[in-house]
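From first to last, the protein sequence lines are chains R and X.
The numbering of the first sequence is my numbering, which starts it at 1 and goes up by one.
The numbering of the second sequence is my numbering, which starts it at 114 and goes up by one.
Please keep in mind that the hints were generated in silico from the structure rather than gathered at the bench.
If you're wondering where the values come from, they're calculated on a predicted model, not measured in any experiment.
Careful: at least some of the hints might be erroneous.
[Claimed, not checked] Short derived list, chain X residues pointing at chain R, Cβ under 7 angstroms: (1) S122; (2) W123; (3) F152; (4) P153; (5) L157; (6) L159; (7) P199; (8) S202; (9) I206; (10) Q215.
Where a beta carbon is used, it is the ideal one built from N, C-alpha and C, also for glycine.
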Amino acid sequence: DAKTTQPPSMDCAEGRAANLPCNHSTISGNEYVYWYRQIHSQGPQYIIHGLKNNETNEMASLIITEDRKSSTLILPHATLRDTAVYYCIVRVGPSGATNKLIFGTGTLLAVQP
Amino acid sequence: GAVVSQHPSWVICKSGTSVKIECRSLDFQATTMFWYRQFPKQSLMLMATSNEGSKATYEQGVEKDKFLINHASLTLSTLTVTSAHPEDSSFYICSAIESVPQAFFGQGTRLTVV
């Protein structure tokens, strides 16, 4: 699976949009981009995933560049409860149930009041 | 979404004893579950892939005799830390994949070996 690079930490003001970048320059054509987050001392939570088109759900939006070498997770209106470590993961999927998720170091997003 | 439950949430044990951690998929069947370990201020490290009805696949550097994994049914996988030592103290997390692409994670088990 391709490796990802994320900034170690970011701050965001409460109520503002949080834009979390991720570089995955060696991504293959059949690899998807997944985002998870981990609130302190809890298991990771799925946020969103995409292949090449932009995606949006009730939690966030995922913007993938045309060359697919980078992506941005957008939390439109960050709240204090969004403070967590956000992980960007690329892997072959989604149909393979045996595909494992390899976590990088992630970005610690701190939402400030 | 689907629910994965781990038990216990935390456990303290004496050095040299064994500890069993359960991971259950509550509302779906999971032929494959994964076990992770996380040390403070570090990321999740994949330990092994647990396959229902067959032997687990361990990641490089993970001792299979130390961390025994049993996936006896489509809803239950167990991780047993044998002869635990203080260096085994960590946060252990399981995950399972339903038919949809996202993996669901348990709430984690905090193991402290004294």
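For each hint, the structure was consulted:
1. Given the 7 angstroms rule on beta carbons, the hint for S122(X) is violated: about 10 angstroms separates it from the nearest Cβ of chain R.
2. At a threshold of 7 angstroms, the smallest CB-CB gap from W123(X) to chain R is about 10 angstroms, leaving the interface hint violated.
3. Evaluation of the F152(X) hint against chain R yields a violated restraint, the C-beta minimum of about 13 angstroms exceeding 7 angstroms.
4. At its closest, the beta carbon of P153(X) sits 10 angstroms from a beta carbon of chain R; the interface hint therefore is violated under the 7 angstroms criterion.
5. At its closest, the beta carbon of L157(X) sits 4 angstroms from a beta carbon of chain R; the interface hint therefore holds under the 7 angstroms criterion.
6. The interface hint given for L159(X) holds, since its Cβ lies 6 angstroms from the closest Cβ of chain R, which is under the 7 angstroms cut-off.
7. The closest approach between the C-beta of P199(X) and any C-beta of chain R is roughly 20 angstroms, which is over the 7 angstroms cut-off, so the hint fails.
8. With its C-beta approaching chain R no nearer than about 14 angstroms, S202(X) sits outside the 7 angstroms limit, and its interface hint is violated.
9. Using the Cβ-Cβ criterion of 7 angstroms, the hint placing I206(X) at the interface with chain R is satisfied: the shortest such distance is roughly 5 angstroms.
10. Here the hint on Q215(X) is kept, as its CB sits about 4 angstroms from the closest CB of chain R, short of 7 angstroms.
Consistency with the previously given hints fails for numbers 1, 2, 3, 4, 7, 8, ordered from lowest to highest.
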